[in-house]
Amino acid sequence: MTATEAPAPPESDATEPPALRRTPTRKRLVPYWLLLPGILWLLVFFAAPLVYQASTSLQTGSLEEGFKVTWHLATYWDALGEYWPQFVRSMGYAGIATALCLLLGYPLAYLIAFKAGRWRNVVMMLVIAPFFTSFLIRTLAWKTILADGGPVVGALNSLHILDVTSALGITEGHRVLATPLAVVCGLTYNFLPFMILPLYTSLERIDPRLHEAAGDLYARPVTTFRRVTFPLSMPGVVAGTLLTFIPAAGDYINAELLGSTDQKMIGNVIQSQFLRVLDYPTAAALSFILMAAILAMVTIYIRKSGTEDLV
Amino acid sequence: MAATETTGKTTGKTAGTTPRATAAPLRWLRRNVVILAGLATLAYLILPNVVVMVFSFNKPHGRFNYQWQQFSTDAWTDPCGVADLCGSLGLSLQIAVWATVGATVLGTMIAFALARYRFRARAGVNTLIFLPMAMPEVVMAASLATLFLNMGIQFGFWTILIAHIMFCLSFVVTAVKARVMSMDPRLEQAAQDLYASPVQTFLRVTLPIAAPGIASGALLSFALSFDDFIITNFNAGSTVTFPMFVWGSAQRGTPVQINVIGTAMFLVAVLCVLAGQMAGTRRKRSKK
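Here the protein sequences line up with chains E and Z, keeping their order. Take the first sequence: its letter number 41 is residue 41 in UniProt numbering, and every next letter is one higher. Take the second sequence: its letter number 145 is residue 145 in UniProt numbering, and every next letter is one higher.
Worth flagging that the hints you see were computed from the coordinates, not collected in a lab. Ideal Cβ placement from N, Cα and C applies to all residues, glycine included. Check before you lean on any hint, since a few could be wrong.
Stated by the list, open to error - Computed list of chain Z residues with no C-beta within reach of chain E, every gap over 12 Å:
| no. | residue |
| --- | --- |
| 1 | Leu26 |
| 2 | Val50 |
| 3 | His61 |
| 4 | Gln70 |
| 5 | Gly156 |
| 6 | Pro185 |
| 7 | Ala196 |
| 8 | Phe242 |
Stated by the list, open to error - Which bits of chain E does chain Z cover? Going by a derived footprint, with three or more residues having C-beta under 8 Å, they are:
| no. | stretch |
| --- | --- |
| 9 | 36 to 47 |
| 10 | 115 to 124 |
| 11 | 138 to 152 |
| 12 | 160 to 173 |
| 13 | 185 to 193 |
| 14 | 271 to 283 |
| 15 | 294 to 304 |
What the hints assert, rightly or not - Residues on chain Z that point at chain E, a partial pick, calculated with CB under 10 Å:
| no. | residue |
| --- | --- |
| 16 | Leu42 |
| 17 | Leu45 |
| 18 | Pro48 |
| 19 | Val52 |
| 20 | Ser72 |
| 21 | Leu207 |
| 22 | Ile209 |
| 23 | Asn259 |
| 24 | Met265 |
| 25 | Gln277 |
Put together the whole structure using the sequences plus the hints.
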């Protein structure tokens with residue numbers, strides 16, 4: 001798309017001596033040559049597949065007979081009609097996990113930016129280091145931590161917290177695994193670094209003298225935070241929530257490993273439709289709906305928070 | 001509003017000074033609440049790694065390594081003792097290396113074009129770079145697999161590599177672009193004033209300054225590619241990378257060796273970071 005838009009040699013330059021003319025033209029072409037391979041890669045393996053996906057979602061047929069485009073829009077209605085609970089659940093879990101990430105991640109980002117002093121690099125490394133153990137292995141570790149007979153469940157049981165959460169429908173009986181709580185806990189854990197890093201980046205840029213100034217003007221620490229620190233960290237909050245919500249909404253690993261069939265998310269449905277049921281039109285329609293929903297939400301969110309330069 | 005806040009402050013002070021014995025721990029708590037909350041989050045982040053490490057010394061009775069039975073170093077002395085485990089690890093490393101090379105070269109080129117040149121379709125290019133990062137992995141994975149299916153391409157090493165380069169590219173562009181944009185353009189002008197040819201300027205001035213951005217982009221690509229599961233799951237066919245192996249073992253039974261590999265990866269990464277830091281401080285010192 002972009003590559004073909006390389007400017008044709010402009011005619012107005014024709015009056016200039018040829019030696020002078022050639023260099024600028026060649027120079028003007030430099031960015032296009034730089035862009036060409038990478039952009040071509042993205043066009044062929046990212047953009048074109050999305051178009052293909054759209055056409056697949058309008059096909060009907062079976063593996064044996066082959067698929068044909070029939071503009072069968074009912075696939076969308078059928079898919080939504082059958083899988084709307086998983087869809088709503090995905091958005092709900094991802095939303096709660098994002099809120100929890102913000103709640104848990106903000107103090108840690110604040111700690112690294114303002115309070116850690118010479119420990120800053122060590123704490124930073126501890127935040128990034130878990131990345132280097134395969135996240136599937138780490139998610140499986142939660143199976144051990146939240147195991148039925150384990151210390152965490154034992155403590156929650158003896159404090160009768162699980163009775164309360166069961167009444168609220170977050171857990172079931174006296175266990176945590178295979179409940180919404182386990183899945184949300186896994187999602188929160190998995191995407192927490194994606195919240196902490198952008199928060200830290202925007203907090204670190206804040207001039208500490210602003211805090212002093214607020215204190216000099218008799219603002220209490222809470223007021224300083226509410227009126228100075230938090231507003232200035234908004235770019236980090238926006239970036240962090242996006243980086244957490246988007247992958248969390250499409251995730252199917254946590255629901256598969258930590259949940260039961262009652263916690264299946266939309267990612268699980270797409271995965272099983274595509275890889276097990278081999279119903280490609282339904283899988284395509286579902287992933288198209290997911291993409292549209294997320295793009296719409298992201299656009300509205302970015303507009304509302306007024307940080308369009310983020311992109 | 002400001003007035004009430006100031007009175008609030010003064011009353012808070014007087015209240016704090018009179019019943020000192022009971023208020024002191026509370027005050028300490030209030031002053032350090034951010035630190036405590038931050039450390040709690042840090043513990044939440046680190047806990048699974050500790051569990052992975054501890055359970056690498058476990059000797060489970062059944063097929064699953066979820067419950068502590070007894071101490072053993074069997075898995076550590078025989079990390080490749082499980083069929084296909086080390087083969088999948090090797091394949092993952094191989095893919096990660098090539099994906100890093102591909103994404104870094106292509107991404108750096110795009111980043112330079114975006115940071116240094118004005119051209120048409122700039123907004124379009126920016127959107128095309130941003131979209132893969134704003135797209136749930138399942139969507140990209142399913143649509144790319146649909147393309148491969150329709151074109152009759154055999155799933156395997158090459159389809160995985162193509163997919164990995166595709167999703168790593170944007171991250172490299174972002175990392176390198178940030179670095180090149182923050183670079184002082186006068187440095188290059190100075191080099192040219194001193195009769196450096198464009199190639200010399202690029203190799204001796206531009207590239208060294210952009211190097212940290214390129215390095216962090218490459219590092220990120222490596223980590224993303226090595227650890228990727230969702231996109232690989234859709235585009236691997238019957239090829240088994242390390243994350244695919246772990247996923248399969250979650251259904252069939254988790255060997256302790258998985259934990260050994262996970263712990264080893266963690267330790268290697270920590271050592272690399274520490275070595276990098278030490279090299280950095282030494283360089284700083286020698287400069288002084």
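_Hint numbers contradicted by this structure_ = Numbers 2, 8, 12, 20, 21 and 22, in rising order.
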